Amino acid sequence: MAYGVLVGAMYGLITLGLGLLMGVMKFLNVAHGTFIILGGYVSYWLFTRYGLNPYLSIPLVIVVMFIIGLVVYKVTLSPLLKLPNVGSRLNSSMLITFGIIYVVDNLMTIFWKPDVRSIVAPFTGRSMDFFGTKLSVTGLCGFAVAIVIAVILYFVLGRTQFGKHVRAATQDAEAASLCGINVHRTYLISSGIAIALAGVAGVIIVSSYSISPNSGLRWLLVAFVVMILAGEGNIHAIVPAGLILGLLEAVGVFIVGAPYRQVVALVIFIVILIFRPQGLFRKGRLTYG
Amino acid sequence: MLEASNISAFYGDIQALWNISLVIRGGEIVTFIGSNGAGKSTIMKTIVGLVKPKEGNIVFEGIRLERLPAHKIVDLGISMVPEGRRLFPEMTVLENLEVGASTQAASRARSSTVNWIHELFPILEERSKQVAGTLSGGEQQMLAIGRALMARPKLLLIDEMSLGLSPLVVERILQVIQDVNRQKRLTIVLVEQDVGIALSVADRGYIIEHGRIVAEGDTKLLQGDGCLMEAYLGVNPKGKTG
Amino acid sequence: MRFHPGFISILAMIAVCFIVLPLIVDLGSSTMNILILLFVYIILSQSWNLLGGYTGQINLGFAAYFGCGVLLTHLLWKSGVPIYFAIAVGGLSAALLAGVIGLPTLHLRGAYFAIGTVALAEALRIVVGNVFPSSLSLPGTFASNFNVFPRYYLGFGIAVLAMISAYLLVKSKFGLAMVCVRDDEEAAQVTGINTFKTKFIALLISAFFAGLAGGVYSFNRFYFHHVSAVFEPVWTFEPLMAVVIGGSGTLIGPIIGSIFLIVLSEIFVQTLGEAHLIIFGVLLIPVVLYSPSGLVGWIGWLRKSLGGVTMNHEQ
Numbered sequence: 001m002a003y004g005v006l007v008g009a010m011y012g013l014i015t016l017g018l019g020l021l022m023g024v025m026k027f028l029n030v031a032h033g034t035f036i037i038l039g040g041y042v043s044y045w046l047f048t049r050y051g052l053n054p055y056l057s058i059p060l061v062i063v064v065m066f067i068i069g070l071v072v073y074k075v076t077l078s079p080l081l082k083l084p085n086v087g088s089r090l091n092s093s094m095l096i097t098f099g100i101i102y103v104v105d106n107l108m109t110i111f112w113k114p115d116v117r118s119i120v121a122p123f124t125g126r127s128m129d130f131f132g133t134k135l136s137v138t139g140l141c142g143f144a145v146a147i148v149i150a151v152i153l154y155f156v157l158g159r160t161q162f163g164k165h166v167r168a169a170t171q172d173a174e175a176a177s178l179c180g181i182n183v184h185r186t187y188l189i190s191s192g193i194a195i196a197l198a199g200v201a202g203v204i205i206v207s208s209y210s211i212s213p214n215s216g217l218r219w220l221l222v223a224f225v226v227m228i229l230a231g232e233g234n235i236h237a238i239v240p241a242g243l244i245l246g247l248l249e250a251v252g253v254f255i256v257g258a259p260y261r262q263v264v265a266l267v268i269f270i271v272i273l274i275f276r277p278q279g280l281f282r283k284g285r286l287t288y289g
Numbered sequence: 290m291l292e293a294s295n296i297s298a299f300y301g302d303i304q305a306l307w308n309i310s311l312v313i314r315g316g317e318i319v320t321f322i323g324s325n326g327a328g329k330s331t332i333m334k335t336i337v338g339l340v341k342p343k344e345g346n347i348v349f350e351g352i353r354l355e356r357l358p359a360h361k362i363v364d365l366g367i368s369m370v371p372e373g374r375r376l377f378p379e380m381t382v383l384e385n386l387e388v389g390a391s392t393q394a395a396s397r398a399r400s401s402t403v404n405w406i407h408e409l410f411p412i413l414e415e416r417s418k419q420v421a422g423t424l425s426g427g428e429q430q431m432l433a434i435g436r437a438l439m440a441r442p443k444l445l446l447i448d449e450m451s452l453g454l455s456p457l458v459v460e461r462i463l464q465v466i467q468d469v470n471r472q473k474r475l476t477i478v479l480v481e482q483d484v485g486i487a488l489s490v491a492d493r494g495y496i497i498e499h500g501r502i503v504a505e506g507d508t509k510l511l512q513g514d515g516c517l518m519e520a521y522l523g524v525n526p527k528g529k530t531g
Numbered sequence: 532m533r534f535h536p537g538f539i540s541i542l543a544m545i546a547v548c549f550i551v552l553p554l555i556v557d558l559g560s561s562t563m564n565i566l567i568l569l570f571v572y573i574i575l576s577q578s579w580n581l582l583g584g585y586t587g588q589i590n591l592g593f594a595a596y597f598g599c600g601v602l603l604t605h606l607l608w609k610s611g612v613p614i615y616f617a618i619a620v621g622g623l624s625a626a627l628l629a630g631v632i633g634l635p636t637l638h639l640r641g642a643y644f645a646i647g648t649v650a651l652a653e654a655l656r657i658v659v660g661n662v663f664p665s666s667l668s669l670p671g672t673f674a675s676n677f678n679v680f681p682r683y684y685l686g687f688g689i690a691v692l693a694m695i696s697a698y699l700l701v702k703s704k705f706g707l708a709m710v711c712v713r714d715d716e717e718a719a720q721v722t723g724i725n726t727f728k729t730k731f732i733a734l735l736i737s738a739f740f741a742g743l744a745g746g747v748y749s750f751n752r753f754y755f756h757h758v759s760a761v762f763e764p765v766w767t768f769e770p771l772m773a774v775v776i777g778g779s780g781t782l783i784g785p786i787i788g789s790i791f792l793i794v795l796s797e798i799f800v801q802t803l804g805e806a807h808l809i810i811f812g813v814l815l816i817p818v819v820l821y822s823p824s825g826l827v828g829w830i831g832w833l834r835k836s837l838g839g840v841t842m843n844h845e846q
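Residue numbers (the working numbering), protein chains in the order written: chain A, 1 to 289; chain B, 290 to 531; chain C, 532 to 846.
Don't read these hints as lab results, they were simulated from the structure. Certain hints may be false.
In silico DSS-like pairs for lysine-lysine, Cα to Cα no more than 30 Å straight-line [claimed, not checked]:
1. A:26 / B:473
2. B:343 / A:74
3. B:443 / A:26
4. A:26 / B:509
5. A:26 / B:361
6. B:418 / A:113
7. A:82 / B:418
8. B:418 / A:74
9. B:343 / A:82
10. C:702 / A:26
Some, not all, of what chain B presents toward chain A, calculated at C-beta under 8 Å [said to hold, decoys possible]:
11. 340
12. 360
13. 372
14. 375
15. 383
16. 384
17. 426
The model shown is predicted, which means the values in this text are computed figures rather than measured ones. By construction, the Cβ of each residue, glycine as well, lies at the ideal position given by its N, Cα and C atoms.
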């Protein structure tokens, strides 16, 4: 049960970047999983080359991934803003990011070979006693990182000027530019942040699990499920939704067994899509556009 | 203050404005009137940068606007209250105001500007924490105007302010607009469906028809010329559009 | 749209080449294999095109239908069912799968449909991987009877069938409905088109052909190390890429795209190995951004700018 909570927080962390892009710009980044893995590789590289503790590498990973996010936005996503309606923007963003998967996945394969990697540090595999249950150190760190990031994001979006610009641009981009907000720059920075968030998730994954160039899809699907649970555009509901998924998954695995862990998540996903596509946290119907 | 010359603007392949030339002088209130779809809002959007003209130029205090993005134009001192208000529905009244001051110059003076807006529209101070989507029509309009004023503009464009509002509320808002124009020398351009309102408040007017300017002049003269009003607007100049 | 008579005769000549050439020239088994793979890709991409290019439903989990066809054909054939029948059943089972999945997911718009299809394909892949964890192969008797010719002609035949079916479908009233749904679903609904039925039928037909493609592929393979590999996303990506680069929403596009795909694969697989897919990703992005009608659009543009008379290609 407690394990479910730890995993759930991590699921929430994974989803933040995807939710941000979708909520703000209505772009569906199917390459999100790929960027997570990329962040993992960066951290892995820093660890094997310089012995840098992965959790300490997080700020560096953030910087690197942020820059990558800016480039990706500038080159591939910003031309889409010229498209007239949201539907075609969404479709094209899916196609383009689908292409990005294959470019980046294979770049990673070329650089790092297709083997499975994970960070094995002194603390890997160790557990701590917490109110009677044994919890893994990596799981706890992952949980802590997820909570910290979620809190930071909450404050940035809610209290800072930039956060208000983002919210305004999300709710009405034209009106936002009438207030003097440079909407394109806001989108650019948001993309950087979204990819950086993916990168942080990657650090956690490479420390707690393992990565290989093609394993992005697995995490992408988790993020999809959590995003749907949280409701479109509902960024603050993402970590809670992740926790719920973590718990539901723990229950499901208990019933059907571990090899079908991912299937449990996917089934939950289908069920939600059919019966409550607006997510668990949103009031009202699913609107579009 | 602002001069537009030979503006032609399109929505896709459809031409909306034909060879528009007009002048706005500092400190005055100018109105654009005309029937629905005549192009009044399009002119406003072209000035503020939401629509880019295919031909012609717009000069504001010596600077050419046609190639600039909207947020830069706001930075230069032109602000617009858009048709339909376009508030940020999930942000509070106070946040909507704060976001209105997003340009560099405006953000420095943000808190004093907020105080000023609260003086003009006290109800906004009362409802500071309320989410904008839950306000009444009149309150929303006041908030929209307040938000536009937060940018500390030199020129304020107001698009179809009176739609859906009761006459009392409209009267009050107009009063505020006129006060601000007189006290702060804020130049105002008003687009209005309601000819009576427009002419009662403005110094000068342009009559727009099918994307062209068909008449202009001091509002007193326009009002007096019954034939003009009848012909172009089908209106008794003392009353509402018929 | 009228077919220029010259165009039909060109097509006929090409078809004849394909039919006759292997009989008179010994192309070698590797070339024959490549051609069979080409046919598989043509069928697969044309079927994705019907759903995505013509009806506007972008399906990112297409591998599920392909894989279903492969698996079922293999299992049936192994247990003695004649190959032609097995392939047909493979196609039908894929359509059945699509029907079951389609009912709940087609209510979803755009992004959610795509996400749903990926999720389902992945779920299927994992389940299959767990049910068939070890390798699958055909008994030795099959190997001794191996003859590449029936495989070649079967593949060719089904590819032609797919093209003709696509042509008839697109030209019919149903085809018009498909395009309407793609261009503006709400407007289509308002004009009385049952958009759900349109999407559903397009999905069924599309999945059927994907299953057939799987059958052809299965016919040509004796050994599957991990059969779940045929459910992997690459079997969605390659037809998708062929369609988008070739020209989505056209009949010729998937053919051109598939040829392009195979040729580039052959060139780069030597140098880059597994990573040759990177080329396709790099190509896909500019095509989506700047040339949405793909190579077909490009050819049309070239034609016009060279001053030639434009042939009436359907768009």
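**Item:** Numbers of unmet hints, in rising order
**Value:** 1, 3, 4, 6, 7, 8, 10, 11, 13, 15 and 17
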